[in-house]
Every structure is written in structure tokens, then in C-alpha cells.
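Student: Now for the letters of each chain:
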Amino acid sequence: MEADDLALVERARAGESEAFRTLVIRHQRRVYAVALGIVKDRDLAWDVAQEAFVRVHQHLGDFKGEASFSTWVLRIGAHLAIDAVRRERASSKEDIDDVMDADIERGSEGVLASALGNDPQKNLLRRELAEKMAEALAQLPEKHRTILVLREVEGLSYEELAERLGIHKGTVMSRLFHARKKMQAILRDYAGFSGAAGGEP
Amino acid sequence: MNDCARHAPLIGARPGELSDEEARRLAEHLAACEACQARLADEEALSGMLSQALLDEANHRDFATFADGVMQRIGGGERRAGLLTRLGLWSRHHRAAAAFSALAPALAAVALVVYLGRAAAPEPMLVEVSAEGRGTILLETSEGPVVLLGDLDQGS
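So the protein sequences, as listed, match chains A and B. Everything in the first sequence is counted per my numbering, starting at 439 for the first residue and increasing by one. Everything in the second sequence is counted per my numbering, starting at 1250 for the first residue and increasing by one.
Keep in mind that the hints were calculated from the coordinates and are not lab data. Be careful, since some hints might not be right.
Claimed, not checked - Pair by pair, the computed Cβ-Cβ distance ranges are: (1) A:453 to B:1357: 33 to 41 Å; (2) B:1271 to A:604: 33 to 41 Å; (3) B:1281 to A:496: 51 to 59 Å; (4) B:1286 to A:627: 21 to 29 Å; (5) A:449 to B:1321: 15 to 23 Å; (6) A:569 to B:1272: 17 to 25 Å; (7) A:502 to B:1255: 20 to 28 Å; (8) A:576 to B:1271: 31 to 39 Å.
For clarity, every value in this text was computed on a predicted model and none was experimentally measured. For each residue, glycine too, the CB sits at the ideal point set by N, CA and C.
Excised from the complex, chain B in its bound form (with noise of 0.2 Å):
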């Protein structure tokens, strides 16, 4: 490995980062050495650009809506991080509560089969008995016949 190639490295230290000896090495090279004269002086008319450029590129940038979109990821982290907590020491405090709330899609579900069960259920069958004149409607019900008495002329 040539001198450079050991000593190009070392170029672009700030003060204090280098061991003594490395520095030394670097002075003595630099003393000799015009290519690496002329690293050392690109580094130095390029210190600080990059760092501008990019804050100048961030300057082009339009930050109205920065806070406001750092606030509200804030604002709903804090808003879920509290219900969640609120629900946690209610159902600490509410344990029958809390399992009934566990089973209520459980107990949902089951009222709304029975429900379209129902629903689906065939037209109650209606039979008329006669009987002097007066009309006799047996209706017949999912839960038994029920009989209801009446006058069939009425109102005819």
C-alpha cells in the first residue's frame, strides 16, 4: 500500500480526533505529498455544502402541515392509549360486567338465529269450526293451538 493510500483516510479529521502519531504521519505526508495537498483543499472548499444543500432542500419543502400531522399522530396514539386503559381498569373493577360484555356478540348472534328461525317460520294455519252461528278460529301457533271465539256474522 502506497503512503496515500494509508494517508487519504486521515484527511478530513477535525481537531482531536486523531491519535498524536496519526496526526504527525498526516502532517509529514501532507508536507510532501501535493495530491494529497489537493484532497485535503476539495474537502475544505466542500466543508458545510452538503449540509446546506439539504437543508435547503428542506426549505423548498412546504411545512405548513408538518406540526399538525406530528400533533394528530400524537393526539390518536394518546386518545387509543386512553380508552384502552379506561377499559382495562373498568373491567379490572367489573369483572361479571366485562364477561358479560365478553359474551354479548356470542349472546347477539344466537338471538339472531332464533329470530330469522321465526321469521322463516310457516304461516300459522288458521281452521274455522262452526258452531250456532257463532264462528270458532283455532289458531294453530309454534307455541300450541290458541282459540279464539267470536261471531262470524258480525259485520258481514
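One chain only, chain A, in its complex shape (with noise of 0.2 Å):
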């Protein structure tokens, strides 16, 4: 699959504008997906993840192909992405990423776990869950959205993650923490299980 990607770059340098654009195809939804995950808004996560690819193209020449070809473009979406956002981000720096004694919650950690399980006749939650899930980032705050988008659909190590965003590996854990949490509490309450300690909704 990565050699396919290559291949085509190297035909998009040589000024072949169909292999291009089957790149664009390609990959569109995802680069679309972190787009949208981080800036929340539709029509703006699609004009970001097409001026990612513009952005590639206009640096074919300089990919090496040390990473795949969909790392390169995911990478260019996501920090477009997180810059469209950047007055946000300005606005939420209350947001301490230390992790306190009063942030540790009791009662509720386990719920989602056994209300999801692997019976598959709970699959009918978890598809309920799915569909809120996107509605339940929307809300947290966007270095919350953020740092979750990248580690969860690009894929980024904590090292990774520290270098991107720069800070260190104890706040990049200590922030998808309080991201998890967060988001965990909403859906909890959209399953009904707010204030339940373990029982079923």
C-alpha cells in the first residue's frame, strides 16, 4: 500500500495531476477526521484538510519518504488544524494539566468498562457511544480535543506527542488524563450512567 502511495508521488512530482489527486482521494477522510476532531466545525475541518494537501503538494519535492506518506499529510492537517484553533487555545489556558488529588473521581471509574464489555449484545451501546462520541469531543477543550485527536486517530507516542505540542512527557500524560476523564464523563451521562457506581443505567 506504502509503495503504492510512493509511486505516486514520484508521478505527482513528474507533474502527473491524476496521481495526485488519487492521493487526495486516498486519504481525504482521514486528514478530514483529525481536521474535524480538533476544530470541531465541519466546513472549517474541510477547508483545512484541503489546504493540507495543498500544502503537500506544494512540498513534493521535499518528502524523503522516511515517514509514509500518510503520516506526512495527516501531520500538515493536524497542525493546520490546531492553528485555526489557536485563539482558542489562547482563551483556555486556565485548563491546569496537573493532576490533583480532587481530580481523581470515585465511584465511577469501571462503568463504561462492564456496560461495554464484550457481550454482544451490548454491541447496540457501543454503537450509541460511537455516535456520540464525536458530539462529546466537540466539548471539551480544544487542547483536550487535541491532544486526544493525536494520540488516538494519528497514532502519537507520548515522545511524539511531547515534541508536537511542546511540553513534557509528564504533561502530555498528565493532560490526556484529564482529556479521558472529561470526555468519559459525558459519555457517561449520555448513557444515563451519571452518578452510578458500576450498576447498569
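Dock chain one against chain two, each of which comes alone in its own frame, and use the hints as you go.
Tutor: Given below as C-alpha cells:
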């Protein structure tokens, strides 16, 4: 698959526009998904994703093939999306990353796991929650959305996250903790588990 | 800070992301803490769901025009860049013509002012002088008087 991408990149570099179009079609949904996760707005995500491919095309000559084409275009898309919401980020600096005792919730941990489980009859709840997930993500502050998307969709490691976001590895872990905690709280609300301590809804 | 506040952020790390010391401490804590075992279970239960949810969102959207939009943006950029590049090269090789081109708008403006000035000028004054049945017409123009000779009776 990646060999195909590399071959298409070579053809696009040679001026074959159809080769580049094929690359766009192949990766467009994933780039859009990353952008949407970060910027929330569908039209802005569409614009960011298109711009990501335009930037990629402008720098095709710089592509060395050390990382995959997919990684490269996703990185550019995420970077543009983060830029697009920079203002929002500045307004949410009051969200601290440290994990304090008060951040450790009691009583609700494990509720989602026991509800979702591996029981095929509970797949309906899994589907329902999956449908609500993007909505739940949109309710998080920008920095929590961003780190979750980079981690879960782009698949970055702690080290890559630290480098990309310009923060320490410890901050990466604590920020991810807060992001997941907020996401899980919203999902528990959706599923009707608010305040429940491990019981069924 | 209690043990959970120290160890909960380590939950969700992938293999190799924690130092040996961190991994050992987490394993020891998990073995003794049911709450953090439950947190780990939540994390595992939701694993992959966010990525799938966002891709589902993308899959629900019609992407028929997406690639065309990208190619138009690229094409527009290339056309603009190409035109600017050609103009730059042309002006370097034709400095006199380029200088004239730069002055062209100013020259056009001057020409327009002169034209409008002339158009707004008063109608030429016609003065008729008669001599022995022949009519002489003196036409006053902005370049000076023009004398036209002719037979005033002709055609009357």
C-alpha cells in the first residue's frame, strides 16, 4: 500500500496531476477526520483538510519517504487544524494539566467498561456511544481535543506528542488523563450512568 | 498526593512508553488498587472508538467535490505563480518595454484628461464674411482660425 503511495508521489512530482488526485482521494477522509476532531466545525475541517493537501503538493519535492505519505499529510493537517483554533487555545490556558487528588473520581470508574464489555448484546450501546463520541469530543477544551485526536487518531506516542505540542512527557500523560476523564464523564451522561457506581443504566 | 493521583496518568501508556521504573510502579499500584484497575478497563473499553467515530463522521460526508476543490486550489496557485514568473522573466529581458508598461496607466490617464478637456471646449465660432457673391467662412478653432472659401449661393 505504501509502495503505491510512493509511486504516486513520484508521478505527482513529475507533474502527473491524476496521480496526486489519487493520493488525495485515498487519504482525504482520514485527514478530514483529524481536522474535524480538532476544529469541531465541519466546514472549517473541510477547508483545513483541503489546505493540507495543497501544502503537501507545494512541498512534494521535500518528501523523502522516511515517514509514510499518510503520516506526512496527517501531520500537516493536524498542524493546520491546531493553527486554526489557536485563539481558542489562548482562551483556555486556565485549564491546568497537573493531576491532583481532587481529580481522582471515586465511584464511577469502570462503569463504561462493565457496560460495554464484550457481550455482543451490548454492541448496541457501543454503537450509540460511538455515535456520540464526536459530539462529546466537541465539548472538550481545545487542548484536550487536540491531544486526544493526535493520540487516538494520528496515533502519536508520548514522545511525539511532547515534541509536537512543545510540552514535557509528564504533561502529556496528565493532559491525556484529564482529556479522557472529561470524555468519559460526558459519555456516562449520554449513557445514563451519571452518578452510578458500576450499575446498569 | 495519593497513589491514584500519581499513577492514574500512567494508565493508557503503550508498550515501551513508560520507563522501567514507571512501569514497575504502575504494575504494583494496579495489583493493589481496584479503582485504577477499573480505570484501565474503561480505557481499554473505549480504545479505538474515538478514531472510529471521527472516521464514521467523515464517511457520512459526501466527498465527491473534495479532490476537485484541492486540484482547483493547486491549479489556481500554479497558474498565478506561472504568470508571475513569466512576467518577471519578461520584464528582466525587456527593461524599456517594462518601464513603458509601468508608465502606461499614467499615460492613459493624461490622454483621457486631454480628450475630456477638448470635448468640453466651446463649439467653434463661425464668422461669415461676404465678398462679391462668394462666401468666406472663418472657423475659429483651438489651433487658431481656419478660413474656408466657398460660394454661398451654391445649392440654395
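Student: Does each hint fit the structure? Answer for all of them.
Tutor: Hint-by-hint comparison with the structure:
no., hint, verdict
1, A:453 to B:1357: 33 to 41 Å, "holds (39 Å)"
2, B:1271 to A:604: 33 to 41 Å, "violated (22 Å)"
3, B:1281 to A:496: 51 to 59 Å, "holds (55 Å)"
4, B:1286 to A:627: 21 to 29 Å, "holds (23 Å)"
5, A:449 to B:1321: 15 to 23 Å, "holds (20 Å)"
6, A:569 to B:1272: 17 to 25 Å, "violated (35 Å)"
7, A:502 to B:1255: 20 to 28 Å, "violated (41 Å)"
8, A:576 to B:1271: 31 to 39 Å, "holds (32 Å)"
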